[in-house]
Amino acid sequence: MTLFNYLRALALFYRLLLPQTALLSAVVLGATWLGAGLLNTPWPPRLGPGLVLMKLATFPVVAYLGQRLRPEQHWLFRNLHLSPGQLWAPVLVLDTVGFGAFVGLLNQLWA
Amino acid sequence: MGLMERNSTPHLLEADGIQLTLGGRVLLSDVYLRVTTGQVVGLLGRNGCGKSTLLQAVFGTQRVADASVRVDGRRVVPAYRQPGLLSYLPQVPLLPAHLTATGAARLLGVDVEQALAAFPELLEQRHRPVGELSGGTARLLEVLLLLHTNTAFSLLDEPFTGVMPVHIDALAQVIRDLKQRKGILLTDHRYAEVLALCDVVYLLHDGRLECLPDPLSGLRDRGYLK
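Residue numbers (my numbering), protein chains in the order written: chain L, 1 to 111; chain A, 112 to 337.
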């Protein structure tokens, strides 16, 4: 498989997961917003290890939801000779970086 | 480079040592299976007897301890990770609904016009999302794309399901043409079509795989055909 085709497959995989990752990112931000209201923690949240860990902890849920909602989706990727790790690792990094960039943007806007 | 591109000598796919117990029931028991390029091999058996599980064990997505899947004597587990070796059509839909035939073909490295050439009405719909096609048309598309992937072997789980009778003969002819360059292992409940197509027929019964020297009488004797 060429690098270009791999990136294409990765984009398709990410697109299939995007509704779940976006929803759970919103849940994480919603929890920090709630925390800001109840516990007087800062809002928008600072990008630190705690927030990144919270975001990373959503991925098992994303995987579970993907498996429940579209149990058949992995067959196409196996036919492209891609292992779960080759798909999940870049998506995990990309989505977490995207989330971090969004939190950074929120901090800029609120500053 | 795919296995098929390296040389034109026949390749041998073998799977053995496949034993699987699910929920206390022995599903597969010490199965041995072989397919060579240039062959269409049928895998028959009743619903729930383990045909799909066996195909997935060969493909490598169903983990089976001690399973040995070999190509030309070389162990390839999980086989799906080897480029140019296997493609697998599952019973469930393969392609995401928003993907078009053209997009799927591009991903799979298939020439869409060549793959759909025997089905002009399907070729006309190659730019439509799969989700807009009827179930049978989408199934036909998936079978054709996987058959045309550059792999030495294709494993097809119920390729005729939902396909219009008028298309089944044409699809069978495509399979016959393609077996010149690949080995095809298929399972389907349309026994008449499978028997007419296959060079070798295996029957999976009570977890054991039996190669039927005379498939028609073998199936009749065992009550699979009237």
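Keep in mind that the hints are not guaranteed to be accurate.
What the hints assert, rightly or not - Residues from chain L shown here face chain A by an in silico Cβ test under 10 Å; the list is partial: (1) Leu3; (2) Asn5; (3) Leu12; (4) Arg15; (5) Pro19; (6) Arg70; (7) Glu72; (8) Gln73; (9) Trp75; (10) Leu80; (11) His81; (12) Leu82; (13) Ser83; (14) Val91.
Because the hints were derived from the structure by calculation, they are not lab data. Each residue gets a CB set at the ideal place from its N, CA and C atoms; glycine is no exception.
Contradicted hints - numbers only: Going through the list in order, the structure violates hints 1, 5 and 14 and respects the others.
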